[in-house]
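Colleague: Those protein sequence lines, which keep their order, are chains D and Y. Going by the working numbering, the first residue of the first sequence is number 1, and it counts up by one from there. Going by the working numbering, the first residue of the second sequence is number 1001, and it counts up by one from there.
It cannot be assumed that every hint is accurate.
To be verified - Sample of chain D residues at the chain Y side, in silico, Cβ under 8 angstroms:
#1 Ser14
#2 Phe18
#3 Val26
#4 Lys273
For the record, the hints were derived by calculation from the structure and aren't laboratory data. Backbone N, C-alpha and C fix where the C-beta goes; we use that ideal spot for every residue, glycine too.
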Amino acid sequence: MKEDKNIEDLFRSSFEDFEVTPPVQVKGRIDRELDSGRYTRLWWIAGLLLLVSVGFSTWLFLKPVKESFKDRNVSVITDSEKQDEYSSSEGNKVGHTEGNKDNGSNSVQDQSAVREDAAKGSGSEKMGQERNSIALLHKKKTVESIKNGKLKKTRKRSARKTGNGTGDVWGSSGTVLLSDSGGQQTGEGATGETKNADKKNNPEQTAGDDNDSIAGKEQPAKADSSAAPRDETAPKEKLKKPKSGLWMASIYASPMFGTGLQSPKPLEELDEKPGFRFSAEVNRSLFGGYGVSTGVGYRSQSETYSRSYMSYDSIFAGYDSIPIYSGDTIIGYDSVAVYNIDSTKTTYSQANAIRTVFIPLYISRQFTFGDHWGMLVNAGTVFRFHTFKTGAVDSMLPAISLNKFSMSVVGRIHATYTFNQLVFSAGVSGGFDLKSPLTYGTTERRRYTLTPEIGIHFTF
Amino acid sequence: MITKEILEQFQKGDRKAYDTVYAAFSAAMYGVCLRYTRCADDAQDVLQEAFIRIYRNCGQYSLERPLAAWIKTITINCALTYIKQHYRFDLKEEDAYFDEQHEMELETENQEQLKKQLLTILTKLPDGYRTVFNLFVIENLTHKEISEHLEISESTSKTQFFKAKRMIQQLLEVERARA
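Produce the entire structure from the sequences given, and follow the hints as far as they go.
Modeller: Take a look at the structure:
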């Protein structure tokens, strides 16, 4: 029994303060595990963001065309019957309520013609007179048509197909101009001209007449397409499709320069070799020059981590006498300690390569200065997926942590030059890693990048 | 040195405070893990799991309690879980062990060496013996508490402890005879 007690005491006393330092690798494994746990949440957030961006892009891509026209205020010519009807209805709705306000020309023309006129000083008396004379001709013919009983025949067709003025003109040739603001011009047509002509002839007519039913409600039939003559004054080149669209496909390429190893340990070094990076991205303009960009990219990076150890082979301490002068005379000697240190510096290093596939998600802003020059600014987050090729492990080096996923905050600013649908750009890209792909021991590292970058873009 | 500020930061999940705690307690906890497991590799696994659990549950730590005790409790619980999951924790088939010959060199000149030898004896014990012996002798748990922890009966715990002591005694006698 006593011996039993002795055994218990022996073990108790021996293991009371029993401590063994665990291997360094254990801490590395713990850190990796904790980081992976933390990054699991980031994975979910990244996935969610990706899903949202893909869904949003898909929605934008499949968005009905006419809404895009409204957003962008562009004109497009199409032969489709459906858009004929659209033109007709839009022309009636918009054109007759807002018609004649912009430039006072009220002519039979498409949107671009109005722009041209506006540039020249639209609504000039001469042009107005010319156009008003055409309008009067239309009115005369229309009145004749009513008298001859043609109204009933043509009304149906007119209402269904074109409805009024310009619509009639272009509708007869199977082309119709669509525009939101263009409704002021395109939808107005002959009846608008008629109104204007009437206004000229009857100065007392109130502005409220602009919204009169003559334009869109009762009179469209009078402006029958069959009766309206083709407006030869409308410039042909105005029927072209727009040169640029809402989408922009881009390819970026840049070298890679990274900096930053903040460590309290003076004998540590991290040497990052220049790498390269390229990415393919697609940008969708949304409003006011703003848009979103996403895509996929690849980058290659290699770095060498070094850690040095100092060993002191011998330290010799002695004293030397230095003469003290007074003028040219030595008046005494001063004893100075002299140290002779013989040390050896041993450096251990490890070269590692990192290959990264990344998915950027940017908010973009485009500025234009003149016809060709502009600026492109992107800012956002990059989701990065890494693979590693690590060098030989040395026990004198700290354990490395490999992070297969990391994120970085990136911005870029490019000067752009537009040539038709192509855009060339050059600028800088910079940012910082929220977490480095590779961590050496407990060394804290903040990696920043600032690198030149070029891009080529195609708008569609 | 663990200050109150570090404890507060640790409780909030601060990583640097956690690193400090790890540096302060990892050696002692690794010693605990070595006592409960068969080999160093297993002890490292237990230590890793314990400190991950410590970090993830740092919010549950109460500042009024001694941190060392809280960490040790988690570590021992991790060790017991590991033993149940990875070892053949059969408490009834270990009597045959006494028929085998086990030689052990016991050096008592050096205290550190003695600790190592005793640790080796512990690792030579069957898992059930070692676990119960550890809990009873070093952790000062009662057989009732041990039975609750290991989900065994109180009498089984007592038997295991008795057999553990008998085996240790046998190993020590062998060594004395050799000396």
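Colleague: Should the hint that Ser14 of chain D touches chain Y count as held when the rule is a Cβ pair under 8 angstroms?
Modeller: holds, 5 angstroms
Colleague: Holds or violated: is the Cβ of Phe18 of chain D closer than 8 angstroms to a Cβ in chain Y?
Modeller: holds, 4 angstroms
Colleague: With chain Y as the partner, please determine if Val26 of chain D meets the hint condition of a C-beta pair closer than 8 angstroms.
Modeller: Result: holds, 5 angstroms to nearest chain Y Cβ.
Colleague: Is the interface hint for Lys273 of chain D satisfied, with its Cβ closer than 8 angstroms to some Cβ of chain Y?
Modeller: violated, 30 angstroms
Checked against the numbered hints listed earlier, the structure breaks hint 4 alone; every other hint is satisfied.
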